[in-house]
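To get my numbering, take the position in the sequence shown, counting from 1, and add 1002.
Think of the hints as simulated: they come from the structure by calculation, not from any bench. Quantities reported herein were computed from a predicted structural model and do not represent experimental measurements. Think of the CB as a built atom: it goes at the ideal place given N, C-alpha and C, for glycine as much as any other residue. Mixed in with the good hints, there may be bad ones.
Said to hold, decoys possible - The following label-pair restraints were derived from C-beta to C-beta distances:
no.	residue 1	residue 2	range
1	MET1112	PRO1037	29 to 35 Å
2	PRO1069	LEU1025	17 to 23 Å
3	ARG1164	PRO1069	40 to 46 Å
4	ARG1027	ALA1153	18 to 24 Å
5	THR1137	ARG1023	39 to 45 Å
6	GLN1005	ARG1066	21 to 27 Å
7	GLN1105	THR1007	26 to 32 Å
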Amino acid sequence: MRQSTIDEILNRPHSQELLARDLARLAYTALDGTPRAIPIGIHWNGVEIVMCTATNARKLPALRRNPAVALTIDTESHPPKVLLIRGTAELDLVDGIPDEYLQWNGSYEMTPEQRVEWEKEVRSLYDGMVRIVVTPTWVKLIDFETTLPSAVEELLRQRAARQSA
């Protein structure tokens, strides 16, 4: 997919709304060759999606072996809005707590006192973390208003072709 197409899709209002969310589902291939899809906190910096995890997370050896990943960010309301992203994970070991980890957790409702306590606990738990950085190489926005799943779009094209024949 061309970068200009990726940029155009990611800059759409629905995409921006989805990229501002804190949670996505990360899909990758585990060491045993089976698929995994896990919820994970995300931070969109305008170019990359950054996720952070413990240095001993089981997904890290799998991502080192096969860094191809897919992400899904969606809404719970009807009609759903879904942003599908593919890319390659780059792993970056960080001393302390990455800024992105603190930023994405900042949107959850916490009182200032809860926030201070939460951050204190996080800093006491982790000496370091791994940043999982994904630059999108393929994207699709499904908003059920202007865009649909590919299979539905194909059915509509086939029906239109039959009707015009």
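Results of checking the hints against the structure:
1. One distance hint, 29 to 35 Å for the beta-carbon pair MET1112 and PRO1037, holds here, with the actual separation near 34 Å.
2. At roughly 21 Å, the beta carbons of PRO1069 and LEU1025 sit within the given window of 17 to 23 Å.
3. At about 43 Å, the CB distance of ARG1164 to PRO1069 agrees with the hint of 40 to 46 Å.
4. The beta-carbon spacing between ARG1027 and ALA1153, approximately 20 Å, falls within the hinted interval of 18 to 24 Å.
5. For THR1137 paired with ARG1023, a C-beta distance near 19 Å fails the hint of 39 to 45 Å.
6. Between GLN1005 and ARG1066 the CB atoms are about 26 Å apart, so this pair conforms to the stated range of 21 to 27 Å.
7. At about 28 Å, the CB distance of GLN1105 to THR1007 agrees with the hint of 26 to 32 Å.
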